[in-house]
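Asker: Each chain, written out:
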Amino acid sequence: MKIFLVILILSAAVFCLSFNLLEKKEYQSLYATSLTEFKQEQNQLRITIEQSNLSDEKDREKIKQQIRNNRIKLKALDFWLRYLEPIAYKKINGPLPVEWETETFEKYEPPYRRQGGGLTLAELSLEEKTVNKDSVLSLIDTSVLALQTFEADSIASQLETHHHFFLANRLYLLNLATIYTTGFECPDTNDIIPELRNMLSSVKNIYSDFNTSFSSFPLSKEYLDVYYKLIKFVNSQPADFTLFDHFSFIKDFLNPLFRLNQQFINKYDVRTISQMDISLENDVYSIFDKKLYNSQNTKGVFSLIEDEKLLAEIKKMGKLLFYDPILSGNNKRSCASCHKPTEYFTDTTMATPFQFDQQQHLSRNAPSLINSVFNHLVMQDGKHIALQGQAKDVIQNPKEMNSTEKELLKKVMSCKEYKDAFRKFARYTPEEKNVSLTHIVSAITFYYADFSYYYSPFDNAMNNAFHLSDAERKGFNLFMSKAQCGTCHFVPQFNGVKPPYTGSEFEIIGVPEDSSYKRLNPDKGRYEINSVKEMMNAFRTGTVRNVMHTKPYMHNGVFQTLDQVIDLYDAGGGVGKKLMVDNQTLSADSLHLSKEEKNNLVAFIHSLNENIIFEVPPAALPVSSDKNLNKRKVGGEY
Amino acid sequence: MKLIITISVLLSSTAVFHQCATQSKVTEYEIPGHVTKENRELFIQKCEKGKVLYKIHCGGCHGIFTKGKDGIPNFTKTQIDSYHAAALIGIDPRNHAVAKKMSSDQIDQIITFLRLRKIDK
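For the protein sequence lines, the chains are A and B, in the order given. Residue 155 in the working numbering sits at position 155 of the first sequence, and the numbers go up by one each step. One rule links them: number in the working numbering = place in the second sequence (from 1) + 638.
It should be emphasised that the hints constitute simulated quantities derived from the structure, not laboratory data. Note that the structure is predicted; figures quoted are calculated from it, not measured. Please note: incorrect hints may appear among the correct ones.
[To be verified] Mimicking BS3-like on lysine-lysine, the simulated pairs with C-alpha atoms at most 27 Å apart in a straight line are:
(1) A/392 x A/315
(2) A/433 x B/684
(3) A/309 x B/693
(4) B/684 x A/290
(5) B/756 x A/392
(6) A/316 x B/675
(7) B/739 x A/392
(8) B/739 x A/290
(9) A/424 x B/739
(10) A/410 x B/756
(11) A/406 x B/675
(12) A/433 x B/756
(13) B/675 x A/315
(14) B/738 x A/316
(15) B/738 x A/383
(16) A/392 x B/738
(17) B/756 x A/383
(18) B/684 x A/291
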């Protein structure tokens, strides 16, 4: 009898187990089927192109239709592909023919050149006057090859557990909020909302199969309810992306879904094995929380110190140093000279700051330090990977502060207050036992980083019940659609860092030498760092936050007003303004913005002014044993 | 006589020992031949910083000086090419709470140390 019972229990267990395995396959088989369907669609497209005459308008239309079908099938897979292998994804639907990757990995290795391929580029090439069939075919072949990556065991095996799902879902929600409604990878703007609808309903199937296969880690009813409401909302919205309510889409649906998904990540103890999660925080519950992602370590060499009291002392020294011209070769310039704390840590009075000689000017504008902590690459050409590197560079640059480490340390340590403090701090940095420039710049970045964590009315509207005006909301919807701002200034920082927030983007927009547009500004930009033709005149995309207070604009400070900036974009960048710009990354077509639309855009940009609480400068600077140094002025002289 | 021999043996052995100790900084790392003398110095400085950080913050789990903990990788050369290292550090913050707190300079110092240190065969 006992034996029977044991056998019965065992067989029941085996039955349950096999059933479980069988069910798990449901989710995985959806992945496999979707891949197969897309593959068939790709092959069909290839055949259509091969058999067509590209100079015949009808044939081209036929191909375009086929591309559209391909995109729909791709969107059913997007949820997985983008997360599981983003590099291969770019070969299937990349926005640029050549991309220079500047991911977080660049912190360890130089930029990578990546050839794009696939649907977006194929569609764009059909628009050109002379189309070469072989080049279109090769774009598709690249995409066919890239798709095979996703069948590899190393990738597909991730679908065996629940972990990847919630992380892929997080990326999906962030992409919905940032790029899927802006036309980032969709050349025909008429397709944006229809494609979005398709994608939302495909993911609904993914959700349902996931819940069947992984019943111990389900998406809750609350989550699914919000998601169904989201689908309903999008279906009820106009198909024209310029009339689509991007604001409600994010505030009422995506942000709540993001919050719930973050809760799942914590509740189900989700673990990552992917670089895609390198920057994102798990204990943040709004896309508009400034802690959403990490890009800069503001503590530098003090990173491993956690004693709050000690950190406060470091910060206090950082503030004094920020205002102290002792850091410059002639004791007349401080950080505050160009990054004026009273002017949002920039200089609103000059297009570009004075050089050290106080005669000539530098070639680039001094950008605001506020929100600089949200960039992965620092300086307008992305020369540095860390804020501390930027500070060291400026201090030692003969054209800027013109000091040396040795000279600077001698002067700083001649002040008792600094000497006592930094000797103490150095005891907490065992790898750097002697006070060095690294300690000095780390204190400085730790001080000014604090000003990056304030919120704007727009954030308050997204996070809380704060109401935006009609014009502000309309302005945001324009920003995300017709005005094409959101395709480079990504939510939520409105800078060049897009999900999964691991790299900074560079753009070539054709900024003129002066406001008369006689010639292109000759600054080579990113090319100085990465000398490849795609980077000539490219600059890192800055943030739109606080711009009302941070004039003048562009890398060379050429524009005094926001209207001038909008005018450049409205005209189609430098090319639209009849300048010769190679590889402009902005469409040369006019945006056709009306006066009212421009006003709304400006109203929205106003709502990104952060409610920052500024501090008063220190009353006095530490006293030096060198009498000459005690003549120096708080904040410097120029 | 015996005493003299003992003393001289002792003396010479301390001398040898002393020489080893002073040379160890240089011989502790495998720096590629093409690196200039100046840069060798920089590499060694970086490695030394990395070593200090590693001993304090990593060695407890990733034993290369001691046993470490079971199931946590003891970094060998093949495990530590820099791309791989960057990836490893990016892996779950709850497993790598310390690495997540470090500055990119500090991580760079540790990786350089791990890549260049000599491993006894």
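Asker: Between residue 738 of chain B and residue 383 of chain A, does the CA-CA distance stay at or below 27 Å?
Answerer: 23 Å, holds
Asker: Keeping to a limit of 27 Å between CA atoms, is the pair of residue 739 of chain B and residue 392 of chain A held or broken?
Answerer: 21 Å, holds
Asker: Just to be careful, I want the Cα atoms of residue 739 of chain B and residue 290 of chain A compared with a cutoff of 27 Å; is the pair within it?
Answerer: 17 Å, holds
Asker: Decide if the proposed pair is consistent with the structure: residue 316 of chain A and residue 675 of chain B, CA atoms, cutoff 27 Å inclusive.
Answerer: Cα-Cα ~40 Å, so violated.
Asker: Is the Cα-Cα distance between residue 684 of chain B and residue 290 of chain A 27 Å or less?
Answerer: Given that 27 Å is the threshold and the Cα spacing comes to 33 Å, the pair is violated.
Asker: Take the C-alpha atoms of residue 392 of chain A and residue 738 of chain B, compute the straight-line distance between them, and say whether it is at most 27 Å.
Answerer: The hint holds at about 23 Å.
Asker: Is the straight-line distance between the alpha-carbon of residue 392 of chain A and that of residue 315 of chain A 27 Å or less?
Answerer: 18 Å, holds
Asker: Does residue 693 of chain B lie within 27 Å of residue 309 of chain A when you go C-alpha to C-alpha?
Answerer: 26 Å, holds
Asker: Does residue 316 of chain A sit within 27 Å of residue 738 of chain B, going by the straight-line distance between their CA atoms?
Answerer: 25 Å, holds
Asker: If you draw a straight line from the CA of residue 410 of chain A to the CA of residue 756 of chain B, is it 27 Å or shorter?
Answerer: Given that 27 Å is the threshold and the Cα spacing comes to 37 Å, the pair is violated.
Asker: Could you grab the alpha-carbon distance between residue 756 of chain B and residue 383 of chain A and see if it respects the 27 Å cut-off?
Answerer: 32 Å, violated
Asker: Quickly compare the C-alpha distance for residue 756 of chain B and residue 392 of chain A to 27 Å and report which way the hint goes.
Answerer: 32 Å, violated
When the structure is compared with the earlier hints, violations turn up for hints 4, 5, 6, 10, 13, 17 and 18 and for no others.
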